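Trainee: The residues making up each chain are set out below.
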Amino acid sequence: MAQIQFELRNRLADLDVLCEQVATFCESCGIAKKQKFEINLALDELFTNIINHGFDDEAEHQIHVTCAKNDEIVKITIRDDGVPFNPLQAPQPDLKCTFSDREIGGLGIHLIKAYIDQIEYKRDADANVLTLTKILKNG
Amino acid sequence: MDITETRHDNYSVFKLNGRLDSNTAMGFEQKLFECIEDGNQRLILDFKDLDYISSAGLRVILKATKNLKNADGKLVLCAMQDYVKEVFEISGFDSFLPIVPTFDDAVKTI
Numbered sequence: 017m018a019q020i021q022f023e024l025r026n027r028l029a030d031l032d033v034l035c036e037q038v039a040t041f042c043e044s045c046g047i048a049k050k051q052k053f054e055i056n057l058a059l060d061e062l063f064t065n066i067i068n069h070g071f072d073d074e075a076e077h078q079i080h081v082t083c084a085k086n087d088e089i090v091k092i093t094i095r096d097d098g099v100p101f102n103p104l105q106a107p108q109p110d111l112k113c114t115f116s117d118r119e120i121g122g123l124g125i126h127l128i129k130a131y132i133d134q135i136e137y138k139r140d141a142d143a144n145v146l147t148l149t150k151i152l153k154n155g
Numbered sequence: 126m127d128i129t130e131t132r133h134d135n136y137s138v139f140k141l142n143g144r145l146d147s148n149t150a151m152g153f154e155q156k157l158f159e160c161i162e163d164g165n166q167r168l169i170l171d172f173k174d175l176d177y178i179s180s181a182g183l184r185v186i187l188k189a190t191k192n193l194k195n196a197d198g199k200l201v202l203c204a205m206q207d208y209v210k211e212v213f214e215i216s217g218f219d220s221f222l223p224i225v226p227t228f229d230d231a232v233k234t235i
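Protein chains in written order, with the numbering used here: chain U, 17 to 155; chain A, 126 to 235.
Think of the hints as simulated: they come from the structure by calculation, not from any bench. Note that the structure is a prediction, hence the values are computed from the model and not measured. The beta-carbon is built from N, C-alpha and C at its ideal position, and this holds for glycine as well. There could be a bad hint or two in this list.
Claimed, not checked - Listed below are the simulated PhoX-like cross-link pairs for lysine-lysine, each with C-alpha atoms no more than 25 Å apart in a straight line:
(1) U/Lys-129 / A/Lys-188
(2) A/Lys-140 / U/Lys-50
(3) U/Lys-50 / U/Lys-153
(4) A/Lys-173 / A/Lys-156
(5) U/Lys-49 / U/Lys-112
(6) U/Lys-112 / A/Lys-210
(7) U/Lys-49 / A/Lys-140
(8) A/Lys-173 / A/Lys-233
(9) U/Lys-52 / U/Lys-112
(10) U/Lys-50 / A/Lys-173
(11) A/Lys-173 / U/Lys-49
(12) A/Lys-194 / A/Lys-156
(13) U/Lys-49 / A/Lys-210
(14) U/Lys-91 / U/Lys-129
(15) U/Lys-153 / A/Lys-199
(16) U/Lys-112 / A/Lys-156
(17) U/Lys-129 / A/Lys-210
(18) A/Lys-173 / A/Lys-188
(19) U/Lys-52 / A/Lys-156
(20) U/Lys-112 / U/Lys-91
(21) A/Lys-233 / U/Lys-112
(22) U/Lys-49 / U/Lys-91
(23) U/Lys-52 / A/Lys-199
(24) A/Lys-210 / U/Lys-52
(25) A/Lys-199 / U/Lys-50
(26) A/Lys-210 / A/Lys-156
(27) A/Lys-199 / U/Lys-112
(28) U/Lys-112 / A/Lys-140
To be verified - Here are some chain U residues the structure puts well away from chain A; computed CB gaps all over 10 Å:
(29) Lys-50
(30) Asn-56
(31) Leu-57
(32) Asp-87
(33) Asn-102
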């Protein structure tokens, strides 16, 4: 089992740290390029969501991320000490509406659900905890 | 992310190299809209060297497409890697955006 743990600040600049850490994790346990892209995208969307909605002060906060691979299952947890926020309850974009009605935004959570097999949210004491499960398929 | 902008008589080309995410989307939006405001309404986005796109990047493309549509303009995307294309498909953007396989196809379409 391969595991990696890292911290991000609630600053957009740390998206680059996230990207590097995901690359290190995926390369160390032989996860294919496409799946690395999918994991990176899901974490990116959740991280930017947390930064945009999670904190009502200007202070610096730490967001804790753990990625683990066991057989063909990747489990990721994201823990932040922001205001209670469940991204799974965000409104879904209407993908079928006509082009001119398409809203700008709202797509992040839709992409996460497409690439991640299972997502769970819980409020644990003063923290938001998201647990993501991705089953690696061939290719 | 590196952005190379080339303006031709009838169209302009933006070639993106690297990652289009929340950090780089704003810079890209600025360049794209400067070009549109200068009167260029036919744009090709060459994604051959684009490794990554998030919803922040999609947002810029949707905004530009809406803007160009109002001005009778056109935006064509080309040469995407498969997994970048899949992001457009999952988001339903392929239903209103022309996405073509090669840069030459884009020039013919524009």
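Trainee: State for each hint whether it applies.
Mentor: Outcome of the hint check:
1. U/Lys-129 / A/Lys-188: Distance of about 23 Å is within 25 Å: holds.
2. A/Lys-140 / U/Lys-50: Satisfied, since the Cα-Cα distance of roughly 22 Å is no more than 25 Å.
3. U/Lys-50 / U/Lys-153: 11 Å, holds
4. A/Lys-173 / A/Lys-156: Given that 25 Å is the threshold and the Cα spacing comes to 19 Å, the pair holds.
5. U/Lys-49 / U/Lys-112: 30 Å, violated
6. U/Lys-112 / A/Lys-210: 18 Å, holds
7. U/Lys-49 / A/Lys-140: With Cα atoms ~22 Å apart, U/Lys-49 and A/Lys-140 stay inside 25 Å; holds.
8. A/Lys-173 / A/Lys-233: 17 Å, holds
9. U/Lys-52 / U/Lys-112: 28 Å, violated
10. U/Lys-50 / A/Lys-173: 16 Å, holds
11. A/Lys-173 / U/Lys-49: 16 Å, holds
12. A/Lys-194 / A/Lys-156: This hinted pair holds, its Cα atoms lying about 18 Å apart.
13. U/Lys-49 / A/Lys-210: 15 Å, holds
14. U/Lys-91 / U/Lys-129: 15 Å, holds
15. U/Lys-153 / A/Lys-199: Given that 25 Å is the threshold and the Cα spacing comes to 38 Å, the pair is violated.
16. U/Lys-112 / A/Lys-156: Cα-Cα ~30 Å, so violated.
17. U/Lys-129 / A/Lys-210: Status holds; Cα separation ~17 Å.
18. A/Lys-173 / A/Lys-188: 21 Å, holds
19. U/Lys-52 / A/Lys-156: Answer violated: U/Lys-52 to A/Lys-156 is near 29 Å, above 25 Å.
20. U/Lys-112 / U/Lys-91: 32 Å, violated
21. A/Lys-233 / U/Lys-112: 29 Å, violated
22. U/Lys-49 / U/Lys-91: 17 Å, holds
23. U/Lys-52 / A/Lys-199: Violated, at about 33 Å.
24. A/Lys-210 / U/Lys-52: Since the Cα atoms of A/Lys-210 and U/Lys-52 sit roughly 16 Å apart, the hinted pair holds (cutoff 25 Å).
25. A/Lys-199 / U/Lys-50: Violated: A/Lys-199 and U/Lys-50 sit about 30 Å apart, past 25 Å.
26. A/Lys-210 / A/Lys-156: Holds, because 23 Å separates the two Cα atoms, which is no more than 25 Å.
27. A/Lys-199 / U/Lys-112: 22 Å, holds
28. U/Lys-112 / A/Lys-140: Between U/Lys-112 and A/Lys-140 the Cα gap is close to 30 Å, so the pair fails against 25 Å, i.e. violated.
29. Lys-50: Incorrect as stated: the minimum Cβ-Cβ distance to chain A is 5 Å, not above 10 Å.
30. Asn-56: Its Cβ does come within 10 Å of chain A, the nearest being 7 Å, so this is violated.
31. Leu-57: 6 Å, violated
32. Asp-87: 23 Å, holds
33. Asn-102: 18 Å, holds
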